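Q: These protein sequence lines are chains S, R and E, in that order. Read left to right, the first sequence gives residues 1 to 326 (this note's numbering). Read left to right, the second sequence gives residues 1 to 314 (this note's numbering). Read left to right, the third sequence gives residues 1 to 280 (this note's numbering).
These are calculated hints, taken from the structure and not from any lab test. Owing to the predicted nature of the structure, the values given are computational and were not obtained by experimental measurement. Where a beta carbon is used, it is the ideal one built from N, C-alpha and C, also for glycine.
Selected chain S positions facing chain R (Cβ under 10 angstroms, derived; list incomplete): (1) L181; (2) T184; (3) V185; (4) Q186; (5) S215; (6) N249; (7) L250; (8) S253; (9) T254; (10) Q259; (11) I268; (12) S269.
With a straight-line Cα cutoff of 25 angstroms, these simulated DMTMM-like cross-link-like pairs (lysine to aspartate or glutamate) come out: (13) S:K262 - R:E234; (14) S:K260 - R:E234; (15) S:K260 - R:D192.
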Amino acid sequence: MNSPLLIVNELNVTYGDNLHAAVSNVSFEVARAASMAIVGESGSGKSTLALSLIRLLGPNAKLSADTIVFDGTNIMSATKSQLRKIRRDQIGTVFQDPFSSWNPSRTVGTQLLDAFPKSSHESVRETLIDYMEVVGIDRAASRLDDYPYRFSGGLLQRAMIAGALLGNPSLLIADEPTSALDVTVQAELLNLLDDLQHERGLALLLISHNIAVVSKISEKTMVMYAGELVEESSTIDLLTHPKHPYTVNLLSSTPTMSQKRKIPLFAISNKGPSDQGCVYSSKCSIAIAQCKIEKPPLIILGSTRVACHRSNEVDTLMEHNYDPIT
Amino acid sequence: MTPLLEIRGVSKTFHTHGLTVNACRDVDLSINEGEVVGLVGESGSGKSTLASLVLGLDPIDTGSIRIFGEDLKHLLKKDPKSFRRKVQAVFQQPLLSLDSRRSIQWSILEPLVIHGIGNKETRHERMRELLSLVGLEPSVAARLPHQLSGGQLQRVNIARALALEPKLLVCDEPVSALDVSVQAQVLNVFLDIQNRLGVAMLFISHDLAVTRHISDRIVVMYGGKLMEMGETDEVCRSPRHPYTKTLLEASSFLKRESYTALVPARDELPSRGCPFSPRCPYAQEMCRKTNTFLLPVDEERSSSCIRFHEIFDD
Amino acid sequence: MKNLNGEQKLLSKNILKLKNLSVAILYGLIGLIALAVLFPSVFTPHDPYGLDVINRLKAPSLNHLFGTDEGGRDIFSRVIQGARVSVGSSILIVGLSASFGTFFGAIAGWFGGLLDTLLMRVVDVFLSFPYLVLAMALAASIGRDMRSSILALALVWWPGYARMVRGQVLSIKAKLFIRASRSLGATNGNLLLWHVIPHTSRAVAVRMSLDIGYVLIALTGLSFLGLGAQNPSPEWGLMVSNAKSYISVAWWYSFFPGLAIVLIVSLFVSFGDRLSRDYI
Chain S
1 MNSPLLIVNE LNVTYGDNLH AAVSNVSFEV ARAASMAIVG ESGSGKSTLA
51 LSLIRLLGPN AKLSADTIVF DGTNIMSATK SQLRKIRRDQ IGTVFQDPFS
101 SWNPSRTVGT QLLDAFPKSS HESVRETLID YMEVVGIDRA ASRLDDYPYR
151 FSGGLLQRAM IAGALLGNPS LLIADEPTSA LDVTVQAELL NLLDDLQHER
201 GLALLLISHN IAVVSKISEK TMVMYAGELV EESSTIDLLT HPKHPYTVNL
251 LSSTPTMSQK RKIPLFAISN KGPSDQGCVY SSKCSIAIAQ CKIEKPPLII
301 LGSTRVACHR SNEVDTLMEH NYDPIT
Chain R
1 MTPLLEIRGV SKTFHTHGLT VNACRDVDLS INEGEVVGLV GESGSGKSTL
51 ASLVLGLDPI DTGSIRIFGE DLKHLLKKDP KSFRRKVQAV FQQPLLSLDS
101 RRSIQWSILE PLVIHGIGNK ETRHERMREL LSLVGLEPSV AARLPHQLSG
151 GQLQRVNIAR ALALEPKLLV CDEPVSALDV SVQAQVLNVF LDIQNRLGVA
201 MLFISHDLAV TRHISDRIVV MYGGKLMEMG ETDEVCRSPR HPYTKTLLEA
251 SSFLKRESYT ALVPARDELP SRGCPFSPRC PYAQEMCRKT NTFLLPVDEE
301 RSSSCIRFHE IFDD
Chain E
1 MKNLNGEQKL LSKNILKLKN LSVAILYGLI GLIALAVLFP SVFTPHDPYG
51 LDVINRLKAP SLNHLFGTDE GGRDIFSRVI QGARVSVGSS ILIVGLSASF
101 GTFFGAIAGW FGGLLDTLLM RVVDVFLSFP YLVLAMALAA SIGRDMRSSI
151 LALALVWWPG YARMVRGQVL SIKAKLFIRA SRSLGATNGN LLLWHVIPHT
201 SRAVAVRMSL DIGYVLIALT GLSFLGLGAQ NPSPEWGLMV SNAKSYISVA
251 WWYSFFPGLA IVLIVSLFVS FGDRLSRDYI
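Construct all of the structure, not just a fragment, from the sequences and the given hints.
A: Rendered as structure tokens:
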């Protein structure tokens with residue numbers, strides 16, 4: 001079974017009557033048991049993209065795609081009940097900010113069992129306890145009867161992961177799972193996700209604004225800017241040889257543990273994304289006339305996909321003072 | 001030379017909802033004029049409490065805080081305004097730090113008006129100076145906070161804090177709520193003003209890479225106590241505390257094989273011994289029994305780890 | 001910043017924006033009322049106090065739109081003039097209660113502790129007072145006229161503001177911008193006057209709009225009972241009271257002043273409700 005687990009083609013999301021799309025013509029694939037990351041700042045569309053994969057967008061969002069196929073099922077044409085089954089059994093989701101994702105007036109156990117019919121609750125509860133132990137929650141059985149306030153952020157996220165695993169999914173989507181957590185807890189949680197991916201053959205789609213977080217466990221990374229996919233590459237290649245000016249700039253503006261201290265970081269300009277041509281051309285230091293008129297297509301350079309007219313010159317033309325790998 | 005800020009044996013305990021929280025315990029820290037000291041810690045480390053104490057917004061329980069040798073408690077009682085002119089703050093939430101009903105101009109003029117500095121003209125002149133110092137256009141002055149972006153707002157807050165020409169800026173997670181690219185801009189502003197004005201900073205953050213970038217010295221805090229202190233490069237290259245080592249590993253772009261895993265532990269802090277001992281992979285009986293303190297281990301270096309010479313052999 | 005969604009509209013700046021027709025109508029009507037209160041003589045075709053006994057208790061006609069009362073006085077003119085008395089007094093009462101109540105509540109909420117407890121007990125005492133009893137007591141001691149009614153109602157209405165403002169202040173006190181101003185060196189006075197009380201203005205303004213309606217009912221009620229305005233004042237409640245004796249022969253006499261009360265109260269309550277929905 002070597003066909004990709006998830007195939008997405010030309011996915012578009014627009015909110016209300018906004019002219020600028022939240023997600024614009026994004027196409028990508030996720031292989032089985034692969035670990036992939038989507039990186040971007042706020043407004044890049046990464047969270048919207050993740051939610052649209054399981055059609056969990058709000059009522060004023062217009063989703064259109066040429067294809068969204070998950071394990072043979074066409075998500076775009078799936079019925080409500082088919083979708084519910086997929087969300088429960090095949091695609092697990094972990095959301096950001098554990099503190100606001102839970103209903104404070106119901107126990108953790110009841111909330112995790114919500115998606116399952118009452119008749120199966122007993123057996124599902126047994127499985128849930130097993131998974132909670134797998135994710136490292138002590139005394140899982142009694143913890144299920146605790147309310148969310150008795151859990152720390154890290155434990156809440158672990159509980160959410162346990163819940164996401166219940167249906168034995170083949171894909172786990174984690175949207176900023178560690179942003180609200182301490183750095184040390186974050187590291188533990190990422191290790192857990194990494195273990196789950198390797199031990200269970202679980203495909204992992206990790207969404208984050210933090211490249212350091214992503215670099216630890218993702219094999220491939222996609223970079224998004226203003227709703228568009230600008231670069232996709234193996235994580236190591238992305239960090240050492242970025243091919244898109246935005247990626248270069250983003251890396252240069254991130255302080256790392258090894259670069260020279262006390263010098264000004266690269267500051268991406270404040271101008272908004274361009275309406276015409278390449279979406280990054282308004283801020284790009286190597287933009288030429290063509291960039292402002294013609295939208296660059298995603299081209300394949302080795303194992304990288306990049307949307308830039310000058311991608312093969314990026315290495316030589318752009319200054320970078322980052323050195324992410326210690 | 002009298003240090004600008006001297007914190008000696010400071011402890012602060014909060015009593016809320018029947019619980020007692022030892023937010024800060026036995027903190028010793030000094031900052032000299034023009035120095036940038038980065039305070040790194042996670043949630044519950046006590047770093048924000050320490051910021052409140054240094055700013056005089058909360059009273060200390062034990063110990064003393066001195067500003068240029070004068071006790072903070074006395075300063076606040078006898079001449080609070082002169083204290084405020086020496087120590088200023090920048091907080092984590094750029095939008096919430098400003099009164100939503102007041103224009104940017106009003107907010108920047110506020111400190112000048114409170115302290116009766118200058119007259120209407122000179123104050124407006126100073127405001128324009130401050131805006132340009134932080135890289136903002138004068139047109140920003142007439143706007144309301146909700147009309148500006150997070151990066152612009154944080155610059156406004158920096159401008160406001162600098163209005164009184166303070167000697168010390170206490171920055172409590174000033175870039176944590178900002179996007180990476182905006183964070184870079186604001187960090188550059190901090191670097192720039194430090195360069196130009198020579199203002200000392202107590203830069204508090206949970207992000208070690210950010211703190212490293214801006215600080216001359218780093219202080220690591222955990223569970224209300226100081227774990228390690230030293231010159232930035234030294235601490236980052238050769239840590240002298242297991243917790244610092246963990247932070248370093250978590251902050252770098254390394255693959256997980258290089259991590260030293262922490263012991264999974266309950267959230268409550270131990271009532272005695274090293275606060276990190278429940279999670280420390282090197283902890284032994286004596287770590288859990290002995291109350292630890294920051295002690296000098298080298299020139300300009302201190303650590304509270306009693307086993308550091310066994311663990312770190314470089 | 002990850003999510004800059006705060007769009008706090010300033011009540012003062014937005015209050016003048018006409019969002020749609022219904023709001024425009026509300027504003028228009030209130031404007032008219034304001035004019036009638038301020039310049040009644042512009043709208044009165046006859047002298048509200050002018051006796052013309054020959055034409056007493058005449059039905060509505062072109063000359064006397066609302067008919068005449070037992071003294072031959074034009075009821076339409078009296079209703080207009082009465083706006084100044086009834087609505088004007090209500091506005092005064094609400095103004096007094098709001099100012100005093102805001103100040104009281106702000107002090108209690110800001111300083112907290114024992115002061116707060118004491119001040120709130122005072123509020124409780126006043127809240128438990130039925131205004132009718134108080135009005136009667138005051139009427140008995142000061143004398144029966146608008147002064148005693150206004151005083152009685154103001155004394156009974158201010159605690160509501162005190163409680164509301166105290167609650168607001170408690171939540172404002174904890175906000176970051178207060179902490180930020182404090183670290184700049186702002187004193188309690190600076191903070192209360194420049195930041196805290198202005199932030200309560202929105203809630204207070206909305207409550208005041210609603211209250212003008214409710215106070216008007218109470219005030220006209222007191223006059224109806226004979227405790228407030230006295231003859232020959234064209235106060236609406238008093239007019240309805242006077243009309244009692246002539247109900248079988250002159251329906252217009254109680255009808256039009258009563259209608260004025262109902263309409264104006266509805267107007268202010270709708271306005272206040274509108275404000276509260278848009279701005280709170």
